[in-house]
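*Asks:* Start counting the sequence shown at 13; every next residue gets the next number (the numbering used here).
Take the hints with a grain of salt, since some may be wrong.
[Said to hold, decoys possible] Straight-line C-alpha distance at most 27 Å; calculated DSSO-like pairs for lysine-lysine:
(1) K182 <-> K121
(2) K40 <-> K51
(3) K64 <-> K40
(4) K101 <-> K121
(5) K182 <-> K198
(6) K170 <-> K198
(7) K101 <-> K146
(8) K198 <-> K146
(9) K51 <-> K64
(10) K51 <-> K23
(11) K20 <-> K40
(12) K51 <-> K121
(13) K101 <-> K51
[What the hints assert, rightly or not] Ranges between beta-carbon positions, derived for each pair:
(14) V149 <-> L214: 13 to 23 Å
(15) L59 <-> L130: 17 to 27 Å
(16) F162 <-> L45: 29 to 39 Å
(17) N200 <-> L130: 21 to 31 Å
Hints in this document: simulated from the structure, not taken from any laboratory. All C-beta atoms in this analysis are idealised placements derived from N, C-alpha and C, irrespective of residue type, glycine included.
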Amino acid sequence: PSMTEALKAGKPVVLDKIQRFVDGAAVKRIGDLPFELCKGTITDMLLVPEGKVSTTILQLYNEDAIVAEPAGALAIAALDFYAGQIKGKKVVCVVSGGNNDIDRMQEIKERSLLYEGLKHYFIVRFAQRPGALKEFVNHILGPNDDIVRFEFIQKHNKESGPALIGIEVKTREDFGALINRMNQYKLNYTEINQNENLFEYLV
Numbered sequence: 013p014s015m016t017e018a019l020k021a022g023k024p025v026v027l028d029k030i031q032r033f034v035d036g037a038a039v040k041r042i043g044d045l046p047f048e049l050c051k052g053t054i055t056d057m058l059l060v061p062e063g064k065v066s067t068t069i070l071q072l073y074n075e076d077a078i079v080a081e082p083a084g085a086l087a088i089a090a091l092d093f094y095a096g097q098i099k100g101k102k103v104v105c106v107v108s109g110g111n112n113d114i115d116r117m118q119e120i121k122e123r124s125l126l127y128e129g130l131k132h133y134f135i136v137r138f139a140q141r142p143g144a145l146k147e148f149v150n151h152i153l154g155p156n157d158d159i160v161r162f163e164f165i166q167k168h169n170k171e172s173g174p175a176l177i178g179i180e181v182k183t184r185e186d187f188g189a190l191i192n193r194m195n196q197y198k199l200n201y202t203e204i205n206q207n208e209n210l211f212e213y214l215v
């Protein structure tokens, strides 16, 4: 982002904040020398979502046995956004940087699933009666859906109580079908993936 903003402004600028997931490319202010080198040679600059970078890291590892850090995978992660422009052409990407800790792989997988629309978190209000969760599993979940997180505290003297549920689906289409079933059974739920503050607080 710092290079993008510098090119827009015509000079290096200081960003208020940065996300450090792609730590090898996350700086608040681009250096004077890199800016001078790039401003006259770069024809386009693209910001790649962190989730897309995560998907690329996993693909490189699973398909080509290449261990790449987030910054190292940036160039390849950008290719899909230029698919129409580069079709039929020879393209060279520099994969530079393999400083990736195995302990980060769970975070990388989580970011990838969220970006690809395959993992969703909900607050669901369940009736405070026996069998409510069983009904959810039997009637709401599809054959390829999987509950990957469930947190529920029983509320005494109340008709219903909220539960935090994480659901992983196989395809985006499966998610659409899941939502349709939740609406069909008039489930009281809130999807929190798109609510940044609520997501950060609960997930």
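*Asks:* None of the hints should be skipped; say for each whether it holds.
*Replies:* Consistency of the hints with the structure:
{"no.": "1", "hint": "K182 <-> K121", "in the structure": "holds, 14 Å"}
{"no.": "2", "hint": "K40 <-> K51", "in the structure": "holds, 18 Å"}
{"no.": "3", "hint": "K64 <-> K40", "in the structure": "holds, 21 Å"}
{"no.": "4", "hint": "K101 <-> K121", "in the structure": "violated, 31 Å"}
{"no.": "5", "hint": "K182 <-> K198", "in the structure": "holds, 24 Å"}
{"no.": "6", "hint": "K170 <-> K198", "in the structure": "holds, 19 Å"}
{"no.": "7", "hint": "K101 <-> K146", "in the structure": "violated, 54 Å"}
{"no.": "8", "hint": "K198 <-> K146", "in the structure": "holds, 16 Å"}
{"no.": "9", "hint": "K51 <-> K64", "in the structure": "holds, 26 Å"}
{"no.": "10", "hint": "K51 <-> K23", "in the structure": "holds, 9 Å"}
{"no.": "11", "hint": "K20 <-> K40", "in the structure": "holds, 15 Å"}
{"no.": "12", "hint": "K51 <-> K121", "in the structure": "violated, 35 Å"}
{"no.": "13", "hint": "K101 <-> K51", "in the structure": "holds, 25 Å"}
{"no.": "14", "hint": "V149 <-> L214: 13 to 23 Å", "in the structure": "holds, 21 Å"}
{"no.": "15", "hint": "L59 <-> L130: 17 to 27 Å", "in the structure": "holds, 22 Å"}
{"no.": "16", "hint": "F162 <-> L45: 29 to 39 Å", "in the structure": "violated, 52 Å"}
{"no.": "17", "hint": "N200 <-> L130: 21 to 31 Å", "in the structure": "holds, 24 Å"}
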